[in-house]
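J.: For the record, the sequence lines run as chains A and B.
FYI, the working numbering numbers position 120 of the first sequence as 453, with every residue one higher than the one before it.
FYI, the working numbering numbers position 45 of the second sequence as 378, with every residue one higher than the one before it.
Among the hints, erroneous ones may be present.
Treat identical chains as interchangeable: a pair holds within one or across any two.
Derived pair list, reagent style BS3-like, types lysine-lysine, alpha-carbon separation capped at 30 Å [said to hold, decoys possible]:
#1 K492 - K482
#2 K362 - K471
#3 K432 - K471
#4 K474 - K362
#5 K432 - K381
The hints are simulated quantities; they were obtained by calculation from the structure and are not laboratory data.
There are 2 protein chains.
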Amino acid sequence: MKTLFIIAIALALLTTSCMENKSENKETKLQAIFPKGNLGPAENFTGKAWATGLVANDSMYNTLVGNVFFEPGARSNWHTHPAGQILIITDGVGYHQIKGQPRQTIKKGDVVKCPPNVLHWHGASPDTGMYQMYILPKTEKGIVTWLQKVTDEEYNSDK
Amino acid sequence: MKTLFIIAIALALLTTSCMENKSENKETKLQAIFPKGNLGPAENFTGKAWATGLVANDSMYNTLVGNVFFEPGARSNWHTHPAGQILIITDGVGYHQIKGQPRQTIKKGDVVKCPPNVLHWHGASPDTGMYQMYILPKTEKGIVTWLQKVTDEEYNSDK
Numbered sequence: 334m335k336t337l338f339i340i341a342i343a344l345a346l347l348t349t350s351c352m353e354n355k356s357e358n359k360e361t362k363l364q365a366i367f368p369k370g371n372l373g374p375a376e377n378f379t380g381k382a383w384a385t386g387l388v389a390n391d392s393m394y395n396t397l398v399g400n401v402f403f404e405p406g407a408r409s410n411w412h413t414h415p416a417g418q419i420l421i422i423t424d425g426v427g428y429h430q431i432k433g434q435p436r437q438t439i440k441k442g443d444v445v446k447c448p449p450n451v452l453h454w455h456g457a458s459p460d461t462g463m464y465q466m467y468i469l470p471k472t473e474k475g476i477v478t479w480l481q482k483v484t485d486e487e488y489n490s491d492k
Numbered sequence: 334m335k336t337l338f339i340i341a342i343a344l345a346l347l348t349t350s351c352m353e354n355k356s357e358n359k360e361t362k363l364q365a366i367f368p369k370g371n372l373g374p375a376e377n378f379t380g381k382a383w384a385t386g387l388v389a390n391d392s393m394y395n396t397l398v399g400n401v402f403f404e405p406g407a408r409s410n411w412h413t414h415p416a417g418q419i420l421i422i423t424d425g426v427g428y429h430q431i432k433g434q435p436r437q438t439i440k441k442g443d444v445v446k447c448p449p450n451v452l453h454w455h456g457a458s459p460d461t462g463m464y465q466m467y468i469l470p471k472t473e474k475g476i477v478t479w480l481q482k483v484t485d486e487e488y489n490s491d492k
């Protein structure tokens, strides 16, 4: 009887250990590559978007690179880049929309381009965050012009 | 006795399942973001380096972006870029060396810049592979000039 009791305890411990292991996997599903960085300013973002600079602007490369982590539901304002922008999604699920076009769903491994001076916004999906790197080429032409907020209606419309 | 036997079998199965779970975690330690792509040509690489294009060259962005996965021990030849190169390490551990400077160890989250027309090579460490994105700015100046192989002596020297 004592043996049975010891075995039962061992079984219970082992099961708990297995379950914890699986739950850890689920929680760490989105993979951060870079430090979280600083919270993007409320005047340019809705919700929490964390930004880290990776390559500062200089006259040798004329290329600005950084990472943004959008928490679920977070998004940028509408904005334009004088020389366009390249987005590389490294984890999660989000949205990208060019003014006048349907909202696009984007996810880990996707690459999105937005041409010069074209109005666009990007952000996370409502339920899953999104890690995205941005590349701004030809920075001698300028960086970004921030415009109006993306309304809830715009965010939620897939038209 | 029969109960004891059944419990012993259950314990054995549970232990195996736990071990498999842990071993899976170990194997998937390096995170691929993009498809594996194509094997880099033997005349430009030592060992296996898998390359995927992410942004093709065009006159709008003049920026070439791609991903390379270097298997452990794999590395590029010495080479130069007419407008320099930005490397972003998304997982693993590797090396980067600029001619005349000590070999640098680079790892997940690191960003490395190599100036225009400067001789360099990059690759994985001997024991751990490396996922790296490359960004080539100002492609109107050209892409790459491939040169000689990195010898085992050069690869193994941290001087």
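J.: Check each numbered hint from earlier against the structure, then list the numbers of those it violates in ascending order.
T.: Violated: hints 2, 4.
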